[in-house]
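Top to bottom, those sequences are chains A and B.
In terms of my numbering, the first sequence is residues 1 to 116.
In terms of my numbering, the second sequence is residues 1 to 116.
In case anyone wonders, no lab produced these hints; they're calculated from the structure.
A hint or two may mislead.
So the derived list for chain B, only partly shown, Cβ under 10 Å to chain A, looks like this [claimed, not checked]:
#1 D9
#2 V13
#3 K22
#4 Y25
#5 Q38
#6 Q45
#7 I51
#8 N55
#9 Y61
#10 F63
#11 L82
Label-pair ranges, simulated between beta-carbon atoms [claimed, not checked]:
#12 D53/A - G29/B: 37 to 47 Å
#13 L56/B - P69/A: 22 to 32 Å
#14 S80/B - D62/A: 26 to 36 Å
#15 K17/A - P79/B: 45 to 55 Å
#16 G82/A - Q71/B: 34 to 44 Å
#17 S84/B - K38/A: 31 to 41 Å
#18 S40/A - S80/B: 20 to 30 Å
Every residue gets a Cβ at the ideal spot worked out from N, C-alpha and C, and that includes glycine.
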Amino acid sequence: DAMVIQNPRYQVTQFGKPVTLSCSQTLNHNVMYWYQQKSSQAPKLLFHYYDKDFNNEADTPDNFQSRRPNTSFCFLDIRSPGLGDAAMYLCATSRDHAAGGSYEQYFGPGTRLTVT
Amino acid sequence: AQSVAQPEDQVNVAEGNPLTVKCTYSVSGNPYLFWYVQYPNRGLQFLLKYITGDNLVKGSYGFEAEFNKSQTSFHLNKPSALVSDSALYFCAVRDFSGAGSYQLTFGKGTKLSVIP
């Protein structure tokens, strides 16, 4: 089945130690998103890629970076994790309407990040 | 700026009874509206959407929602609740008026508990 895959599902890192979360998709969607979701809160968009074009949300801290080496893969890099960065990180994809998409986003299972 | 309000943090309903999860929205242009469900430690799962056309939309697992433009609402309904429907439900809006048109704004979520 076509899907959005996130690895690892659970990640523990130390305060200040860089960490990378990965996302892959078999849906061949041209848009990929990274969201941060803290406990009992709505997902918050960090950034998205429209094809190769990176779009950062205005309030996303510089500590968060992303890479999309090809259509299928997207990475979230946290350069110096703080305790406040502990959260669930959700990857999502969509196909732009111009490319024949139907607007909804498809989410991966998420990676729960713990910072010690 | 677009926004979504889910006025109830929690909804409790007896199994077999009808359920409603409320959502109101605010956008400057035409709204594209979505409902997602999230089970514990999982990603968001798409339920249904309103883009245009019939105000009553049907989605997965017997859920439906009604778009009401005058009341700016998009309430989620199901005629007969199941215990397995217990989860966190998010309403989301996407504004296609221009800038930020890829941003999906989520409500804070409503926890649905179906009591056997």
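Where does the structure disagree with the numbered hints, that is, which hint numbers, in rising order?
2, 3, 4, 8, 9, 10, 11, 12, 13, 14 and 17
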